[in-house]
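All chains, please: the whole structure from these sequences, using the hints.
As given, the protein sequences belong to chains A, B and C, one line each in that order.
Under the numbering used here, residues 1 to 492 are what the first sequence spells out, in order.
Under the numbering used here, residues 493 to 603 are what the second sequence spells out, in order.
Under the numbering used here, residues 604 to 726 are what the third sequence spells out, in order.
There may be inaccurate statements among the hints.
[Said to hold, decoys possible] DSS-like, lysine-lysine: derived pairs with alpha carbons at most 30 Å apart: (1) Lys434/A - Lys601/B; (2) Lys580/B - Lys282/A; (3) Lys718/C - Lys113/A; (4) Lys711/C - Lys368/A; (5) Lys378/A - Lys453/A; (6) Lys282/A - Lys601/B; (7) Lys580/B - Lys635/C; (8) Lys569/B - Lys368/A; (9) Lys569/B - Lys718/C; (10) Lys367/A - Lys453/A; (11) Lys367/A - Lys635/C; (12) Lys711/C - Lys449/A; (13) Lys580/B - Lys711/C; (14) Lys454/A - Lys378/A; (15) Lys711/C - Lys362/A; (16) Lys572/B - Lys367/A; (17) Lys580/B - Lys718/C; (18) Lys368/A - Lys572/B; (19) Lys112/A - Lys711/C; (20) Lys718/C - Lys367/A; (21) Lys453/A - Lys28/A; (22) Lys362/A - Lys718/C; (23) Lys580/B - Lys710/C; (24) Lys572/B - Lys657/C; (25) Lys580/B - Lys367/A; (26) Lys367/A - Lys498/B; (27) Lys601/B - Lys367/A; (28) Lys362/A - Lys710/C; (29) Lys635/C - Lys572/B; (30) Lys367/A - Lys378/A.
If you're looking for bench data, these hints aren't it; they were derived computationally from the structure.
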Amino acid sequence: MMDMLIPLMVIIPIICALMVNILHGKDKLMRWVSLIVAIIFPIIAIIASLGTQYFGGHNSSLISSALPATLASVSSLSPGIVYVFANINRIFIFLVGIVVFLSLFTYFSERKKLSGPYLFLIFMGVASVTALLLSNDIFNMYVFFEIVALTQVGIIIASSSEYKYETAFKYLILGSIGGPMLLLGIGFILAVVGSVNIADIVAVISTNVVNPLATPLIFAFALMFFGWLYVSGLPPFHTIKSELYSRARPNGAAILQAFSVICMIAFGIAIYRIFVYVPFFKPAIIIFSLLAMVLGVSMALMQNDFRRMIAFLAVGELGFIGLGFGIGTQLSITAALFQAANELIITALLFIGFGTVYYLTKTSDTKKLGGLITVSPKMAIMVLLGGFAMAGVPPFNGFQSKIMLVQSALNAGLPELAIVAVIVSIVTFFTFVKAFHTVYLQPKPANLKFAHKKIPAIATFSVAVLLIICLILGILPDLVTKIFIPFAGGLI
Amino acid sequence: MSFYDKFVNSVSNLKSKLSKNPTTADNVSGALAAELTIIVCLLISAILLRHISVIASVIMILFIVVLLFTNVPIAPKLKKEQDDSLSKMTFYAILALGVIIAAIYWGLKYV
Amino acid sequence: MIMSTQLVCLFAAGAFIVIGLFAAIFIDNIIKKIIGIAFIEEGVNLFIVTLGYKAGGVVPIFLENMSPDWFVANSAYPLPQALVLTSIVIGASTLAVMLALAMVLYKKHGSLSTKVILGDKND
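If you want it as structure tokens, here you go:
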């Protein structure tokens, strides 16, 4: 019975997505259905027991005895799609569930009339990222990633910003370069190994059944690495990703970035498991992560739009996750996973928190804003603390993961990376304080108009919950690191 | 002319070409901080090359220093290269694809 | 020299991808850009489906009276075909969304040129 919960984690959001789409127009019912599912979803992630789900009953250990003798060599390979639910999946699915729940809650409080298709997109995206995390099959991951990309496009189109169609179109064009390259990489692996199951690929490569340095495998690595850059929004895709976040509704942006972080982690782990033996694996990841950190933070400094600024900061933070994978020790991968969990929460906090400014004034241009601390001192302080968490100020969670990353860089004999990480953190802090000052502290411009008088109490509640999670993870990092450490140990 | 004046002038020049927004102290402080971040991170990352060869690292640092002296306000130029134009985004995406494949494929022969 | 079917298909797939990338960068008209992007997707699909090709192979359905050894030696590889089917569906849906967006953008700007539609947007 408990094993059934693993596929249900994907099925329930899909069913909910279809239902809210049909219920469009019946606002009250839609609200209840989505809230109930959004509450049930993280609960399932907590209570589901660890295990493996073989779709179509293709459990290779059970069917191997029925195969003819000529097939004995492939009897351990999995012919079907396999979902693996481990503790690390539990954490990330739970965090996505929390972020989605709070964002939806805020969305409901800000809007009188709801949009069924918009909720459909969000739940479809949730189902897809869950499947991405669970799946042990790179082609299945690619399929679900494409669904995530389409839902991201839809979430942009559903926003009210001026250039939404242009942004969505650009994202689709760039996605149509990145996505097929990822698929081509998967095709090369399929050509060499004959399977798309990650465990099988790793087994075949590590036992030298195929030459690990065969040209098609190297090409596969290059193409999948490029696909990974697109999936996670590292350079050269950082501009489109940040534009994507800044054009969405702020609570939608919180969900969009959560999706991106999950995609990055899921594909990052898959690529790490398959290709870590390739000589250029770690340097390549380090180079692009450094680029993401430096470009993200320096572009954020020069923005006038605070949503764009947070979006670039979010991209810069992704670089830290990549850096952890690039250093490639147990501690650094633990730090990367921890950083991913933290970023998921903190960026959602900042998007929802700063989103209330957009809700109040309908502008995100910092030159037109100011003095908003008088409207909502509580929210201003919580956003400031969220910024501290992002920059890595103790006692918040960002501090714990960043110090772990710096420590791992020093232990690995790469002090330069530690220095760059510290510098980027400091500049992140500076950027954030600059944004905070212009929005909340500088004198209020005379011509500032308000669309709404007050911030919805639910938005304050959502930000408070996220801040509490930040604080808990900052004070008790063992809660998650005790799960990440053995996982990272198994990965290397 | 001091470095700061030179910097403010070049930022406002570039900005007036790009858009009609006035140059404020806020913009300049942001651009200056971005400039310093980029310079520092470039130089420190160049030191990373010492793991391959110390000479390469020294050459790279000298190259970066020359590059910085000739293109000083580097941050506004970088921003111009990373605006929201589709053609630039596609160009850099395909450039990255080419560089990744070339570096990984041909680089492997010399390992 | 007569090339094998598989080799021809692989070359065609490569050509599709390169032409598509070329179109995605250099062509200004968004409908043509979209066609170029469809080329990339179809090139990748062709590549994957070619992997499962086997000259003179049989349909990979195991029947009662077949000898397993003969079946293993002669059946085509079924996995790529299954994968390509899914990837075609994804490509088609992406294409549909892109064309719909092209329609909206044409209504908004009255032009199909990328320069006009996505022109200077620095704020």
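Verification of the supplied hints:
1. Lys434/A - Lys601/B: Not OK: Lys434/A and Lys601/B at ~48 Å, beyond 30 Å, violated.
2. Lys580/B - Lys282/A: This hinted pair holds, its Cα atoms lying about 28 Å apart.
3. Lys718/C - Lys113/A: Violated: Lys718/C and Lys113/A sit about 36 Å apart, past 30 Å.
4. Lys711/C - Lys368/A: OK: Lys711/C and Lys368/A at ~27 Å, within 30 Å.
5. Lys378/A - Lys453/A: With a Cα-Cα distance of about 15 Å, the restraint between Lys378/A and Lys453/A holds, given a limit of 30 Å.
6. Lys282/A - Lys601/B: Holds, because 17 Å separates the two Cα atoms, which is no more than 30 Å.
7. Lys580/B - Lys635/C: holds, 18 Å
8. Lys569/B - Lys368/A: holds, 25 Å
9. Lys569/B - Lys718/C: holds, 21 Å
10. Lys367/A - Lys453/A: OK: Lys367/A and Lys453/A at ~20 Å, within 30 Å.
11. Lys367/A - Lys635/C: Violated, at roughly 40 Å.
12. Lys711/C - Lys449/A: Holds - the C-alpha atoms of Lys449/A and Lys711/C are around 28 Å apart, at most 30 Å.
13. Lys580/B - Lys711/C: Holds, at about 23 Å.
14. Lys454/A - Lys378/A: holds, 12 Å
15. Lys711/C - Lys362/A: holds, 22 Å
16. Lys572/B - Lys367/A: holds, 20 Å
17. Lys580/B - Lys718/C: holds, 12 Å
18. Lys368/A - Lys572/B: holds, 23 Å
19. Lys112/A - Lys711/C: With a Cα-Cα distance of about 28 Å, the restraint between Lys112/A and Lys711/C holds, given a limit of 30 Å.
20. Lys718/C - Lys367/A: Given pair Lys718/C, Lys367/A holds - Cα atoms ~28 Å apart, limit 30 Å.
21. Lys453/A - Lys28/A: The hint holds at about 25 Å.
22. Lys362/A - Lys718/C: holds, 29 Å
23. Lys580/B - Lys710/C: holds, 25 Å
24. Lys572/B - Lys657/C: violated, 51 Å
25. Lys580/B - Lys367/A: OK: Lys580/B and Lys367/A at ~27 Å, within 30 Å.
26. Lys367/A - Lys498/B: holds, 24 Å
27. Lys601/B - Lys367/A: Status violated; Cα separation ~53 Å.
28. Lys362/A - Lys710/C: holds, 26 Å
29. Lys635/C - Lys572/B: holds, 27 Å
30. Lys367/A - Lys378/A: holds, 23 Å
Against the hints set out earlier in the document, violations occur for numbers 1, 3, 11, 24 and 27.
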